[in-house]
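Undergrad: Residue strings, one per chain:
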Amino acid sequence: MSTTTRPAPVAPEADLASLLPRSWKVPIALTVFTLLSAVAFALTTKATAVSRVAIMTGTTGLGTINLTFGTLRWSWALTAVMAAFTGFAWWAAANRIHQVGQLPVGTTVGTIVGVGFVCTFLLWAVADKASPLQFTGLLSGALFLSVPLIFGAMAGSVCEHVGVINVSIEGQLLAGAFLAAVVGAVTKNAWLGLLAAPVAGALIGALLALFAVRYWVDHIIVGVVLNVLVSGLTSYLFSTVLSQNTAVFSVAAKLPTWKIPLLGEIPVLGPVLFQQNVLVYIMYVGVFVLQIMMFHSRWGLRLRSCGEHPRAADTVGIKVNRTRVLNTILGGAIAGLGGAYFTVAAGLAFGKDMSGGRGYIALAAMILGGWRPKAALLAALLFGFADNLQNALGIVGVAVPSQFMLMAPYLVTIFAVAGLVGRVRAPAMEGKAYKG
Amino acid sequence: MRLELRHVTKRFGDFVANDAIDLVVEPGQIHALLGENGAGKSTLMNVLYGLYAADGGEIRLDDKPQHFAGPGDAMAAGIGMVHQHFMLVPVFTVAENVVLGQEPTGALGMINVKKARNFVTEISNRFGFDVDPDALVEDLPVGVQQRVEIIKALSRKAQILILDEPTAVLTPQETDELITIMRGLKESGTSIIFITHKLREVQDVADQVTVIRAGQVIGTVPPTTSQTELAEMMVGRAVDLAVHRTEHTAGAVALSVKDLTLLDPEGRAVLDDISFDIAAGEILAVAGIQGNGQTELIETLVGLHKPSAGTITLQPPAGPAQELAGRSVKSILAAHVGYIPEDRGKDGVVQGFSIAENLILDQVGGPPFSSHGGLKMKAIADNAAKLVEEFDVRAGSAHASLSQLSGGNQQKVVVARELSRDLAALIVAQPTRGVDVGSIEFIHSRILEERGKGTALLIVSTELSEVTALADRIAVMFRGRFMGIAPAGTSRNVLGLMMAGVEYEDALAQGARGGTPTSQSEHDGGAEWVS
Numbered sequence: 001m002s003t004t005t006r007p008a009p010v011a012p013e014a015d016l017a018s019l020l021p022r023s024w025k026v027p028i029a030l031t032v033f034t035l036l037s038a039v040a041f042a043l044t045t046k047a048t049a050v051s052r053v054a055i056m057t058g059t060t061g062l063g064t065i066n067l068t069f070g071t072l073r074w075s076w077a078l079t080a081v082m083a084a085f086t087g088f089a090w091w092a093a094a095n096r097i098h099q100v101g102q103l104p105v106g107t108t109v110g111t112i113v114g115v116g117f118v119c120t121f122l123l124w125a126v127a128d129k130a131s132p133l134q135f136t137g138l139l140s141g142a143l144f145l146s147v148p149l150i151f152g153a154m155a156g157s158v159c160e161h162v163g164v165i166n167v168s169i170e171g172q173l174l175a176g177a178f179l180a181a182v183v184g185a186v187t188k189n190a191w192l193g194l195l196a197a198p199v200a201g202a203l204i205g206a207l208l209a210l211f212a213v214r215y216w217v218d219h220i221i222v223g224v225v226l227n228v229l230v231s232g233l234t235s236y237l238f239s240t241v242l243s244q245n246t247a248v249f250s251v252a253a254k255l256p257t258w259k260i261p262l263l264g265e266i267p268v269l270g271p272v273l274f275q276q277n278v279l280v281y282i283m284y285v286g287v288f289v290l291q292i293m294m295f296h297s298r299w300g301l302r303l304r305s306c307g308e309h310p311r312a313a314d315t316v317g318i319k320v321n322r323t324r325v326l327n328t329i330l331g332g333a334i335a336g337l338g339g340a341y342f343t344v345a346a347g348l349a350f351g352k353d354m355s356g357g358r359g360y361i362a363l364a365a366m367i368l369g370g371w372r373p374k375a376a377l378l379a380a381l382l383f384g385f386a387d388n389l390q391n392a393l394g395i396v397g398v399a400v401p402s403q404f405m406l407m408a409p410y411l412v413t414i415f416a417v418a419g420l421v422g423r424v425r426a427p428a429m430e431g432k433a434y435k436g
Numbered sequence: 001m002r003l004e005l006r007h008v009t010k011r012f013g014d015f016v017a018n019d020a021i022d023l024v025v026e027p028g029q030i031h032a033l034l035g036e037n038g039a040g041k042s043t044l045m046n047v048l049y050g051l052y053a054a055d056g057g058e059i060r061l062d063d064k065p066q067h068f069a070g071p072g073d074a075m076a077a078g079i080g081m082v083h084q085h086f087m088l089v090p091v092f093t094v095a096e097n098v099v100l101g102q103e104p105t106g107a108l109g110m111i112n113v114k115k116a117r118n119f120v121t122e123i124s125n126r127f128g129f130d131v132d133p134d135a136l137v138e139d140l141p142v143g144v145q146q147r148v149e150i151i152k153a154l155s156r157k158a159q160i161l162i163l164d165e166p167t168a169v170l171t172p173q174e175t176d177e178l179i180t181i182m183r184g185l186k187e188s189g190t191s192i193i194f195i196t197h198k199l200r201e202v203q204d205v206a207d208q209v210t211v212i213r214a215g216q217v218i219g220t221v222p223p224t225t226s227q228t229e230l231a232e233m234m235v236g237r238a239v240d241l242a243v244h245r246t247e248h249t250a251g252a253v254a255l256s257v258k259d260l261t262l263l264d265p266e267g268r269a270v271l272d273d274i275s276f277d278i279a280a281g282e283i284l285a286v287a288g289i290q291g292n293g294q295t296e297l298i299e300t301l302v303g304l305h306k307p308s309a310g311t312i313t314l315q316p317p318a319g320p321a322q323e324l325a326g327r328s329v330k331s332i333l334a335a336h337v338g339y340i341p342e343d344r345g346k347d348g349v350v351q352g353f354s355i356a357e358n359l360i361l362d363q364v365g366g367p368p369f370s371s372h373g374g375l376k377m378k379a380i381a382d383n384a385a386k387l388v389e390e391f392d393v394r395a396g397s398a399h400a401s402l403s404q405l406s407g408g409n410q411q412k413v414v415v416a417r418e419l420s421r422d423l424a425a426l427i428v429a430q431p432t433r434g435v436d437v438g439s440i441e442f443i444h445s446r447i448l449e450e451r452g453k454g455t456a457l458l459i460v461s462t463e464l465s466e467v468t469a470l471a472d473r474i475a476v477m478f479r480g481r482f483m484g485i486a487p488a489g490t491s492r493n494v495l496g497l498m499m500a501g502v503e504y505e506d507a508l509a510q511g512a513r514g515g516t517p518t519s520q521s522e523h524d525g526g527a528e529w530v531s
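For the record, the sequence lines run as chains A and B. Using our numbering, the first residue of the first sequence is number 1, and each one after it goes up by one. Using our numbering, the first residue of the second sequence is number 1, and each one after it goes up by one.
FYI, nobody ran anything at the bench for these hints, they're computed from the structure. Don't take each hint at face value.
[Unchecked claim] Chain A is faced by these chain B residues, among others (derived, beta-carbon under 8 Å):
no.: 1; residue: G70
no.: 2; residue: P71
no.: 3; residue: G72
no.: 4; residue: M75
no.: 5; residue: M87
no.: 6; residue: L88
no.: 7; residue: V89
no.: 8; residue: L100
no.: 9; residue: E103
no.: 10; residue: T105
no.: 11; residue: L108
no.: 12; residue: G109
no.: 13; residue: D207
no.: 14; residue: V329
[Stated by the list, open to error] Keeping only pairs whose Cα atoms sit at most 25 Å apart, straight-line, the calculated SDA-like set for lysine to any residue is:
no.: 15; chain 1: A; residue 1: K319; chain 2: A; residue 2: L330
no.: 16; chain 1: A; residue 1: K319; chain 2: B; residue 2: A76
no.: 17; chain 1: A; residue 1: K25; chain 2: B; residue 2: G72
no.: 18; chain 1: B; residue 1: K157; chain 2: A; residue 2: L330
no.: 19; chain 1: A; residue 1: K435; chain 2: B; residue 2: G72
no.: 20; chain 1: A; residue 1: K319; chain 2: B; residue 2: K157
no.: 21; chain 1: B; residue 1: K157; chain 2: A; residue 2: W76
no.: 22; chain 1: A; residue 1: K432; chain 2: B; residue 2: D343
no.: 23; chain 1: B; residue 1: K64; chain 2: A; residue 2: V289
no.: 24; chain 1: A; residue 1: K432; chain 2: B; residue 2: H67
no.: 25; chain 1: A; residue 1: K374; chain 2: B; residue 2: V113
no.: 26; chain 1: A; residue 1: K319; chain 2: B; residue 2: E103
no.: 27; chain 1: B; residue 1: K114; chain 2: A; residue 2: L330
no.: 28; chain 1: A; residue 1: K435; chain 2: B; residue 2: N37
no.: 29; chain 1: A; residue 1: K432; chain 2: B; residue 2: G72
no.: 30; chain 1: B; residue 1: K258; chain 2: B; residue 2: G326
no.: 31; chain 1: A; residue 1: K319; chain 2: B; residue 2: H67
no.: 32; chain 1: B; residue 1: K346; chain 2: A; residue 2: Y434
no.: 33; chain 1: A; residue 1: K432; chain 2: B; residue 2: E138
no.: 34; chain 1: A; residue 1: K435; chain 2: B; residue 2: D73
no.: 35; chain 1: A; residue 1: K46; chain 2: A; residue 2: W76
no.: 36; chain 1: B; residue 1: K114; chain 2: A; residue 2: W76
no.: 37; chain 1: B; residue 1: K114; chain 2: A; residue 2: G317
Glycine is no exception: its CB is placed at the ideal position from the N, C-alpha and C atoms.
Whole structure, please, built from the sequences with the hints as guidance.
TA: Okay, here's the thing in structure tokens:
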């Protein structure tokens with residue numbers, strides 16, 4: 001009997017709770033950040049320093065607002081807030097308090113201190129610079145940079161919910177980018193390029209499904225092999241066909257940026273969210289539709305049953321492997337569409353390996369989001385923000401070495417995934433072949 | 001609907017799982033399919049349900065031949081099945097599980113939640129099941145999950161319902177409720193095929209019994225046939241159903257557990273303040289529904305989990321008392337504690353190793369089987385030859401891979417390995433799960449022999465009959481706690497109440513009103529652990 005149903009264990013009683021080991025991970029990490037903020041930023045600031053930040057209002061008349069902060073005062077104020085919450089985290093850990101109301105202590109306090117740390121860092125970094133920090137640009141750029149991550153995370157969650165681990169998101173993004181660029185350049189029409197992108201991704205998805213579902217090859221191995229295959233194939237085509245016919249192929253087609261009437265006029269938020277590339281709007285709709293369909297539609301229910309308990313699905317007449325194949329191809333198409341970001345959405349020609357590991361970060365965003373498109377969106381935004389910091393600060397002329405800033409998104413990924421994974425549950429039967 | 005199977009044959013390679021099986025189930029009949037594990041009952045039902053394609057023969061419903069390409073076809077024809085391992089998605093709600101594959105949908109394929117709930121409540125109310133459609137399946141007790149499975153089948157208009165070993169995971173009280181449900185279904189005209197290896201239940205509920213052995217129908221008989229006769233048909237020879245035990249001569253306390261508590265990472269108590277003593281030469285059996293902490297208890301005793309609180313004290317016959325809590329598995333085994341794990345395939349043996357290698361798995365660290373990091377092949381071979389003979393392991397050679405042995409013979413290898421050591425205490429989980437009848441008799445007799453040698457024994461079993469047959473005292477576990485320790489001879493009824501979470505004294509008081517006395521279940525109790 002492998003029926004593993006266990007009765008809900010009783011909640012810890014007062015005397016039992018004292019037996020639990022305390023977890024000091026969160027307060028220790030927060031203390032490090034608070035001290036770093038005090039020592040590296042606040043203490044190194046000159047008393048006269050000022051930090052300037054520019055915010056676009058969105059309303060055409062006003063344009064931008066320039067805010068000036070006294071760097072020293074604000075750094076200490078933010079550090080004090082961080083210290084207060086860190087103290088709370090110590091107290092909560094000592095008393096084994098994991099939740100206040102509905103809010104989990106670790107995540108909530110961690111987010112507050114993290115935001116505080118980023119703010120102090122930004123104020124310090126732009127102190128006494130000639131040009132102000134373009135705050136709106138920082139956010140809207142972060143959103144744009146997170147687009148491939150979000151498409152990738154959506155693709156990943158479709159595939160994993162149906163039971164197939166999709167490591168080849170990277171390859172699907174790259175294939176989508178390639179085909180979109182080629183079709184866009186040849187037809188001189190960015191829209192046709194956008195249509196071609198998901199076809200390329202779906203092809204890679206079909207290969208993944210063939211080997212993973214039909215031939216029971218380990219999903220992760222197939223995925224990695226496919227990534228190498230796509231990288232090699234596109235590089236080869238790039239350096240032969242594309243480079244020798246630059247007149248035809250390096251004409252970059254670009255999708256338009258639209259300002260949505262009314263919504264685009266909202267102060268601060270409007271310019272960030274609603275003066276964006278067309279692909280961003282497709283992403284909004286995509287996340288919304290996918291979140292609802294996945295958890296409230298017949299398609300979603302059957303999809304998830306194949307990833308959670310394929311045999312149960314089979315016994316009610318659902319064709320498990322067919323469902324897996326079709327949805328793996330669909331996932332590939334979604335990631336392929338995201339690949340259009342690199343070329344036709346940005347208005348760039350194809351470049352070797354231009355997806356640059358974002359497929360893996362997308363996978364991390366999906367896991368961090370607990371396999372839910374909605375939450376993966378937030379995780380991807382976090383990574384996109386870390387990614388965009390170097391651009392925004394580069395413009396201002398900050399002294400932080402660019403190599404260090406390039407590491408930022410990956411560091412954030414490792415810490416975020418290590419800190420939060422384990423508490424969310426993956427589909428039970430992902431990565432396991434269903435042999436009928 | 002009348003179901004008829006004619007000469008149904010199913011082969012897996014050279015192995016004939018079903019050999020020209022004939023079976024007739026009349027409308028509104030409860031038909032028991034009785035046989036040992038591996039006799040071919042489940043295979044036959046999987047053929048009937050369209051999960052396997054038959055290699056020969058035909059299935060007829062109301063005299064019309066049927067061809068099922070998959071479970072979908074079988075369901076459409078009116079056949080429903082409740083599998084032994086439930087086919088429910090744990091993270092879905094009851095309603096979602098019931099409508100899966102037949103979803104009521106609105107625009108864009110969105111599920112109509114209200115209609116989905118009605119599917120459940122309508123059937124639930126009709127048969128008095130009391131199931132909440134919005135509950136997550138993983139939060140429900142096993143007995144309720146089973147009702148969800150039945151609702152699932154009925155919502156698909158099943159007229160023939162196959163129940164595969166439905167009582168294996170239920171308390172005696174839940175079993176009684178299930179039997180009531182089965183009678184209710186029968187009255188509404190549903191035929192039921194009831195797969196089991198428990199003779200008592202067959203006699204309680206069946207209208208007709210078909211016995212299957214080694215893939216063949218041995219006969220179809222009325223349920224009034226005696227238990228001895230049914231058991232003989234099942235096993236193919238005369239079976240001695242009684243366990244022969246000598247009188248109890250308990251010595252001093254050998255294993256003493258006090259206030260043992262184990263918390264899971266979320267801080268919930270999987271073992272909650274457990275205390276007991278076992279004397280030398282005594283068997284303490286731990287009964288209870290699977291998943292109530294028995295696994296954690298034995299794994300904590302042998303050092304696989306570090307207890308959050310409490311002590312485990314071993315008093316060997318010679319030498320000072322030793323504290324085991326917090327020590328490594330290796331040092332606990334070295335302190336003369338034997339361990340027979342519940343899942344031998346996963347924890348007890350290495351399938352790819354030979355029998356000889358498996359017989360020394362926990363003694364390979366030093367003499368006599370190795371020295372200076374090298375194995376002593378001669379000693380290992382001699383040991384294997386001796387134990388294979390002594391424990392009657394049926395194998396071509398001691399150097400054969402263990403994976404070639406039957407479940408019963410694999411278990412004998414594990415038992416041989418543990419009992420060949422000099423033991424102060426032996427911790428046994430599910431000693432006869434998935435073991436054939438011949439091996440069951442043998443393993444039970446060896447366990448009782450070990451008791452005679454003065455070893456303290458802790459035996460965990462979910463088969464109540466095995467518990468009552470072997471135990472000197474019976475502890476019942478519920479949600480990580482002991483509901484009390486009852487003397488041998490306590491009635492099934494009282495033990496069943498304890499398994500559902502009633503303390504021993506209260507269970508005794510309730511059980512006194514309208515309980516089944518043990519004396520009656522004792523004689524069929526032996527038969528019940530057959531297979």
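Undergrad: For a C-alpha distance cap of 25 Å, please report whether K114(B) and G317(A) respect it.
TA: Given pair K114(B), G317(A) holds - Cα atoms ~23 Å apart, limit 25 Å.
Undergrad: Using Cβ atoms only, decide whether G109(B) comes closer than 8 Å to chain A, and label the hint accordingly.
TA: holds (4 Å)
Undergrad: Was the hint right that V89(B) lines chain A, CB cutoff 8 Å?
TA: Nearest chain A Cβ about 5 Å off; hint holds.
Undergrad: Let me know if the C-beta of L100(B) comes in closer than 8 Å to any C-beta of chain A, holds or violated.
TA: Holds, about 5 Å.
Undergrad: If you take the shortest Cβ to Cβ gap from T105(B) to chain A, is it below 8 Å?
TA: holds (5 Å)
Undergrad: Quickly compare the C-alpha distance for K114(B) and W76(A) to 25 Å and report which way the hint goes.
TA: Since the Cα atoms of K114(B) and W76(A) sit roughly 55 Å apart, the hinted pair is violated (cutoff 25 Å).
Undergrad: Assess, step by step, whether the Cα of K432(A) is no farther than 25 Å from the Cα of H67(B), and give holds or violated.
TA: violated (30 Å)
Undergrad: Min Cβ distance, G72(B) to chain A: is it shorter than 8 Å?
TA: holds (3 Å)
Undergrad: Would the pair K157(B) and L330(A) pass a check requiring their Cα atoms to be no farther apart than 25 Å?
TA: Between K157(B) and L330(A) the Cα gap is close to 34 Å, so the pair fails against 25 Å, i.e. violated.
Undergrad: Tell me if the straight-line CA distance from K432(A) to D343(B) falls inside 25 Å.
TA: It holds: about 22 Å lies between the C-alpha atoms, which stays within 25 Å.
Undergrad: With the threshold set at 25 Å, check whether the alpha-carbon distance from K157(B) to W76(A) stays at or below it.
TA: Measuring from Cα to Cα gives roughly 71 Å; hence the hint is violated.
Undergrad: Straight-line Cα separation of K432(A) and E138(B) no greater than 25 Å?
TA: Judged against 25 Å, a Cα distance of about 21 Å means the pair holds.
In the structure shown, a violation is registered for the earlier hints numbered 13, 14, 17, 18, 21, 23, 24, 27, 36, in ascending order.
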